[in-house]
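K.L.:
Single-letter residue listing:
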Amino acid sequence: GAVVSQHPSRVICKSGTSVKIECRSLDFQATTMFWYRQFPKKSLMLMATSNEGSKATYEQGVEKDKFLINHASLTLSTLTVTSAHPEDSSFYICSARTEGRYYEQYFGPGTRLTVT
Amino acid sequence: EDQVTQSPEALRLQEGESSSLNCSYTVSGLRGLFWYRQDPGKGPEFLFTLYSAGEEKEKERLKATLTKKESFLHITAPKPEDSATYLCAVQAANNAGNMLTFGGGTRLMVKP
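Listed in order, the protein sequences are those of chains A and B. Residue numbering for the first sequence follows this note's numbering, beginning at 83 and increasing consecutively. Residue numbering for the second sequence follows this note's numbering, beginning at 442 and increasing consecutively.
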């Protein structure tokens with residue numbers, strides 16, 4: 083149980099275009115999902131917390147208008163990188179939190195974004 | 442501010458050579474401490490959650506322990522397939538956003 087998927091696993095886009103990444107909790111409902119960015123050989127950097135039915139909470143320094151997050155259902159959150167530039171190239175990972183008193187975060191397999 | 446420090450940054454072991462990874466933390470009330478394994482180009486894979494000092498959990502060759510200041514991930518008789526980066530993260534009890542604070546990770550390499 084507790085499987086999280088991401089799509090696509092890899093995407094290459096041209097500078098100035100937008101790209102959408104999907105994060106799904108496959109076998110549980112998640113009112114809260116998280117989006118991370120990871121640079122090579124570095125730990126995870128939290129970008130934003132996505133709450134179902136409400137606006138996402140962004141970490142300091144993360145541009146809300148560039149990284150659009152939508153959590154429209156209990157199993158799906160999307161991250162849209164708008165007007166992408168080469169510096170947005172990175173490994174993006176989502177996670178979903180299980181419910182209940184004792185909960186855990188399960189991560190998706192990640193999406194490698196390359197902006198040319 | 443919550444802080445997590447993992448040591449060592451990198452660890453090379455021979456197959457069968459047992460060792461421990463350390464995760465030291467400071468947090469204003471611990472809700473949970475999490476261990477993950479991450480392979481290159483993959484998302485972190487959940488291993489354990491520990492909630493209170495004295496708690497221990499095991500999974501195959503891995504055993505996680507927790508004190509009030511640190512957690513250890515013990516690896517018994519490791520195999521080459523245990524090579525990965527191991528991440529430790531904490532969540533504070535007063536963290537309404539349920540966010541995790543991650544350590545820098547320990548990159549484990551097990552040679553045959």
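Keep in mind that the hints are not guaranteed to be accurate.
Derived DSSO-like pairs: lysine-lysine, alpha-carbon spacing no greater than 27 Å straight-line [stated by the list, open to error]:
hint, chain 1, residue 1, chain 2, residue 2
1, B, K552, A, K96
2, A, K137, B, K509
3, A, K146, A, K102
4, B, K483, A, K148
5, B, K504, A, K123
6, A, K123, A, K137
7, A, K148, B, K552
8, B, K552, B, K510
9, B, K498, B, K552
10, B, K510, B, K500
11, A, K123, B, K552
12, A, K102, B, K483
13, B, K552, A, K124
14, A, K148, A, K102
15, B, K509, B, K483
16, B, K504, A, K124
17, A, K124, B, K510
18, B, K483, B, K552
19, A, K96, A, K148
20, B, K483, A, K146
21, A, K124, A, K148
22, B, K483, B, K500
23, B, K498, A, K148
24, B, K483, A, K96
25, A, K102, B, K509
26, B, K520, B, K509
27, A, K124, A, K102
28, A, K96, A, K146
29, A, K123, A, K148
30, A, K102, A, K123
31, B, K504, B, K552
32, B, K520, B, K498
33, B, K552, B, K520
34, B, K504, A, K148
35, B, K520, B, K500
36, A, K123, B, K520
37, A, K124, A, K96
38, B, K509, B, K552
If you are wondering where the hints come from, they were derived from the structure by calculation, not from laboratory data.
K.L.:
For which of the previously enumerated hints does the structure constitute a violation, in increasing order of number?
P.N.:
1, 2, 6, 7, 8, 15, 23, 25, 26, 34 and 38
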